[in-house]
Amino acid sequence: MSGRTPESGGEVDLAAIARDDELLDALGRGDPAPEGDDLAAMLAAWRDDLGEAVDDDPVRPATPALPAVRPRRVRLGRPLVRVAAAVVVLAGVATGLGIGSRDAGPSSPLWALTQVLHPEQAEVRLIEDTIRQARSALAAGRPDEARDLLDEALRRLTSVEDPSTVRRLAAEIDALRRDLVATVPTPAPAAPNPSATPTTTPPSPGGGTGPQAPASSTPPPSPRPSSSPLVVVPVPELPDLPGLSPSSAAPSLPGLPLPTPDILD
Amino acid sequence: MTLTIEPEAELVRRAARRDGAAVAALLAGLRPGLVRYCRARLGRIGGAYTTADDVAQEICLAVLRALPGYQDQGRPFSAFVYAIAAHKVADAHRAAMRAATVTADDAPPEHPDADPGPEQRAVATDLARRLSVLLDRLPEMQREIVLLRVAVGLSADEVGTIVGMTAAAVRMAQSRALARLRTLAGDTFGEVAA
Chain R
1 MSGRTPESGG EVDLAAIARD DELLDALGRG DPAPEGDDLA AMLAAWRDDL GEAVDDDPVR
61 PATPALPAVR PRRVRLGRPL VRVAAAVVVL AGVATGLGIG SRDAGPSSPL WALTQVLHPE
121 QAEVRLIEDT IRQARSALAA GRPDEARDLL DEALRRLTSV EDPSTVRRLA AEIDALRRDL
181 VATVPTPAPA APNPSATPTT TPPSPGGGTG PQAPASSTPP PSPRPSSSPL VVVPVPELPD
241 LPGLSPSSAA PSLPGLPLPT PDILD
Chain G
1 MTLTIEPEAE LVRRAARRDG AAVAALLAGL RPGLVRYCRA RLGRIGGAYT TADDVAQEIC
61 LAVLRALPGY QDQGRPFSAF VYAIAAHKVA DAHRAAMRAA TVTADDAPPE HPDADPGPEQ
121 RAVATDLARR LSVLLDRLPE MQREIVLLRV AVGLSADEVG TIVGMTAAAV RMAQSRALAR
181 LRTLAGDTFG EVAA
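Protein chains in written order, with the UniProt record's numbering: chain R, 1 to 265; chain G, 1 to 194.
Derived by calculation from the structure, the hints in this document are not laboratory data.
Owing to the predicted nature of the structure, the values given are computational and were not obtained by experimental measurement.
Quick reminder that beta carbons are idealized off the backbone N, C-alpha and C, glycines included.
Accuracy of the hints is not assured; some may be wrong.
Partner residues aside, some chain G positions facing chain R, computed with beta carbon under 7 Å [to be verified]:
hint	residue
1	R171
2	S175
3	L178
4	A185
Let the sequences and hints guide you as you build the complete structure.
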């Protein structure tokens, strides 16, 4: 405590520290400097100068100063007026931006504000945007992209809390899903029926339209086995491969001693 | 305007939940202090406070963005705000230093009292300018403490949290700063009188 002394010399005395502390508190509140204290007067003037026109609308450029006209007498009243004015202005600006940004989409200049002020609203806009993209992807004949986008929209939907919004968006996603399923499988079912038993194209329906088309196409195989033993063939075919492997392994081995033929020659 | 009377902690909580009115009230309360802080730190760049005010605005937005993270920290809200502010101001300061040299306007007028002018305002501006020159001659920490105490209006405890000192250490440092300023000011007054 009684360590070093202030620059001006003299002892560190607690009374002086308390006095200085009080003075700084008062100046910090914007109170006028006590009479006869030059440094306090400077500090007060400095603080006042820094606060000049703080209440101006931050969005617009400051009004071309009318400094001389401004009354300087009401020292205690002015800060209050300033605060009140600042509250009014900021409330106006914030409400305006707040309302404006509420409906802003990702492409809007207010989008950043939307994300800050209305995070859920922002999420909803993102989902709507994703659904829109999915719709146009589907219309443009890019079903895979549409499916990915719908999946993403559905994932995002879990973070939306408002039940009616969730219902609405989920309905939109569902509708698009049905459209997607309706457009994609049409080429697939046509192929399996004719012949091509080995290539019944199980992979292609399994890839995308799993729930719908394959369900109806899988039953047929069971009645047929008698008439077409070929269907069973795929199973033996697999064992066949290992049977081939020795022969395939053999050619690979000779590959190693390639030099020998040269020697033989 | 009951908004301004509302306790800060509650305002902060509501603002963190994106309550529009709370955000507006919180910013209205923060902004004057932030503007004074930025102006004191950055001064008039190119003769105007425009840059400082822009930085203050930027800090307001940064505070809003960071608000959800504040809850868990358990520090005074002012410490949270002015940590962000100090960071942004330092960035702006570096940018400004790179962009332009500091104006010579900051130098004290040669005869401050020779031309008092008809208005008190001229005197006040002159006093303010002289003080900012004196402040530049304080050690950095003392300057920051005076700035946060007087320009922003924070308590010694709040300042302590911001600069990483105990409140008692802040009170010692600020007394030392005032003593030094008085000495410096005395010198200039002496010169003028002589």
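Hint by hint, here is what the structure shows:
1. Because the closest C-beta pair between G/R171 and chain R is about 5 Å apart, less than 7 Å, the hint holds.
2. A distance limit of 7 Å between C-beta atoms decides the matter here; for G/S175 the minimum to chain R is near 4 Å, and the interface restraint holds.
3. The interface hint given for G/L178 holds, since its Cβ lies 5 Å from the closest Cβ of chain R, which is under the 7 Å cut-off.
4. For G/A185, the interface hint holds, the least distance from its beta-carbon to any beta-carbon of chain R being 5 Å, beneath 7 Å.
Checked against the numbered hints above, the structure violates none of them.
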